[in-house]
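Colleague: Let's have the full structure, built from the sequences with the hints guiding it.
Here the protein sequences come in this chain order: F and A. Under the numbering used here, think of the first position of the first sequence as 1, with each following residue one higher. Under the numbering used here, think of the first position of the second sequence as 1, with each following residue one higher.
A couple of the hints might just be wrong.
Unchecked claim - For lysine to aspartate or glutamate, the following DMTMM-like pairs were computed, each having C-alpha atoms within a straight-line distance of at most 20 Å: (1) A/Lys237 / A/Asp288; (2) A/Lys278 / A/Asp218; (3) A/Lys304 / F/Asp137; (4) A/Lys304 / F/Glu144; (5) A/Lys304 / F/Glu223; (6) A/Lys237 / F/Asp97; (7) A/Lys237 / A/Asp194; (8) A/Lys237 / A/Asp266; (9) A/Lys304 / F/Asp103; (10) A/Lys237 / A/Glu295; (11) A/Lys237 / F/Asp137; (12) A/Lys304 / A/Asp288; (13) A/Lys278 / A/Glu164; (14) A/Lys237 / A/Asp315; (15) A/Lys237 / A/Glu220; (16) A/Lys304 / F/Glu200; (17) A/Lys278 / A/Glu316; (18) A/Lys237 / A/Glu316; (19) A/Lys304 / A/Asp321; (20) A/Lys304 / F/Asp97; (21) A/Lys278 / A/Asp288; (22) A/Lys304 / F/Glu92; (23) A/Lys278 / A/Asp315; (24) A/Lys237 / A/Asp218; (25) A/Lys278 / A/Asp266; (26) A/Lys278 / A/Glu295; (27) A/Lys278 / A/Asp168.
Hints in this document: simulated from the structure, not taken from any laboratory.
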Amino acid sequence: MNDNDVLLDVQGVTLVREGRTILRDVDLQVLAGEIHALLGVNGSGKSSLAYAIMGCAEYRPDTGRIVFAGRVVNDLPIYERARLGLTLAWQEPARFDGLPIGDYLTLGRPTMTREELWEALHAVALAPEAYLPRALDRTLSGGERKRIELAAVYAMRPRLAILDEPDSGVDVLSFGDVQHLVRRMARMGCAVLLITHRNEMAAIADRASVMHAGQIVMTGAPEEAQLAYP
Amino acid sequence: MEMQQPLDAAVGRDSIDWTREYQAILRAYEQAGGSPAVLRAGRVAALVVNANRVLGIINVPGVTIDAEPLSDGVQVRIVAAPGACLDRPVHLCFGMLPETGTQRIIAEYEIGAGAQVEFLAHCTFPNARDLQHTMEAQVHVGEGACLRYTEAHYHGPYGGVVVEACADVAVAAGGRYFSTFSLTHGRVGRLLIDYTADVDDSGVVDLASMVYGTGNDDIEVREAVRLNGRGARGLAKTRIAVRDQAHSRVFTTAEGNAPGTRGHMDCAEIVRGNAVAKNVPTVIVRNDGAHVTHEAAIGSVNQKELETLMARGLDEDTAVDVIIRGMLGQL
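Modeller: What follows is the structure, given as structure tokens:
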């Protein structure tokens, strides 16, 4: 691995919340263009690490550095990290009353063409003509919101997308759509930090890391990680 | 068609000053979200008022608009004939161009049985620094009729406006009344919305108010829905955002007074900075076959919504604005 290939470099990050250590001296590297699976049981710290990398409130590391694209981003607000090409698809996407889906998808890249907008929805197997006129509100099911969240990340063309359990809340039939989307993003040069519980999802990764009790306990090939994943 | 000439021609024949005034009020009308081209085309029923001057009226078959000047405003009577069904909305422009003054609108809307009409009203006070606008409306929606009334305000950047928008609405059996009030651009100043709706058998009333207060704006919304007839239904929906030092107070009342009535009040408010928001819902049920509910949510911008938009690259202020305008139905 060449240092020039490292897009995200998490160095010794520790996060303590309300007296409890959530992340403990975490080291993690994601290479440019790779799919990197992050495995671990519930409560192991995967989502907390994602929020810390993104810069969410209350997830600022107590110690350690987060370096993205060669720049220490610990003190940058979320939107500045996003403008560097880092973004996150939440496990439980937010609802936005009155916000048209088309507007939501173009927020990350306002210069997007109509064709690219349609392509983003097709990429998550949603029909643009049915969804663009709708708002991202409670009339959508959880699965639909999940797909739209993934479409928004895809449409943004980030350098690194953190996808927090993109396969949760979607049915088995659409599991393949999510895999296809992740591969497609990687082909476009977007690195993906893929947080998942499912070995089938981790199998599409180039490398994988396993978290346990707030620590990265191993990094290697996906099949090796699956053996270490309890 | 009773009169189809464009309003430009109607006002231009009397005096050049009126023409200029008319053009100025149309520019202000556009600032409030109206479409001057629609008025100029002359194919829709319309009324244009500046202060206490009636600058233009267009009537179309099925709708009659009468307007008379008062010393401090205008008295208006609009009648939709029974069974009238308009394929285009009636456009109303109430404005005042000076920085100071008073405008009182006394309005009567009579919607005949079975009529289907829509009104688009724009109230614009673009230069206001010390100005009062009062609307006193009586609305009667006849049996089986439907009235959709959308009112958008623009009060300019100074916050020097006092607006009192009051309406008594009576919806006859099987009638439907849908009203939307919005004031989401520029400053509010002081605003009082005071609507009362009485609904007869199987009638429907839907009141929605959307206001965005900044600076030291002061907002008070009073909406009462009285479901008096069997099977009547009503909704009072309020969406308010306040920031800086703005204050809002929302008092909604829903009464279920007859069997099978269904009422609901839905209030959502976003508070930023030192702003203060208050909501007081009142539920009154006088019949054991009635069902009335309410929900209210007041708070800061949802952190997850905010962070989601920021993760797409929006700075915090822009993200907050997107969330607020979405809630206010302005996107």
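Colleague: Each of the hints needs a verdict: does it hold here or not?
Modeller: Comparing the hints with the structure gives:
no. : hint                : verdict
1   : A/Lys237 / A/Asp288 : violated, 24 Å
2   : A/Lys278 / A/Asp218 : holds, 12 Å
3   : A/Lys304 / F/Asp137 : holds, 14 Å
4   : A/Lys304 / F/Glu144 : holds, 18 Å
5   : A/Lys304 / F/Glu223 : violated, 34 Å
6   : A/Lys237 / F/Asp97  : holds, 14 Å
7   : A/Lys237 / A/Asp194 : holds, 13 Å
8   : A/Lys237 / A/Asp266 : holds, 5 Å
9   : A/Lys304 / F/Asp103 : holds, 18 Å
10  : A/Lys237 / A/Glu295 : holds, 10 Å
11  : A/Lys237 / F/Asp137 : holds, 17 Å
12  : A/Lys304 / A/Asp288 : violated, 41 Å
13  : A/Lys278 / A/Glu164 : holds, 19 Å
14  : A/Lys237 / A/Asp315 : violated, 30 Å
15  : A/Lys237 / A/Glu220 : holds, 14 Å
16  : A/Lys304 / F/Glu200 : violated, 29 Å
17  : A/Lys278 / A/Glu316 : violated, 25 Å
18  : A/Lys237 / A/Glu316 : violated, 27 Å
19  : A/Lys304 / A/Asp321 : holds, 15 Å
20  : A/Lys304 / F/Asp97  : holds, 13 Å
21  : A/Lys278 / A/Asp288 : violated, 30 Å
22  : A/Lys304 / F/Glu92  : holds, 10 Å
23  : A/Lys278 / A/Asp315 : violated, 28 Å
24  : A/Lys237 / A/Asp218 : holds, 19 Å
25  : A/Lys278 / A/Asp266 : holds, 13 Å
26  : A/Lys278 / A/Glu295 : holds, 13 Å
27  : A/Lys278 / A/Asp168 : violated, 24 Å
Figure legend: structure checked against the earlier numbered hints; hints not met, in rising order: 1, 5, 12, 14, 16, 17, 18, 21, 23, 27.
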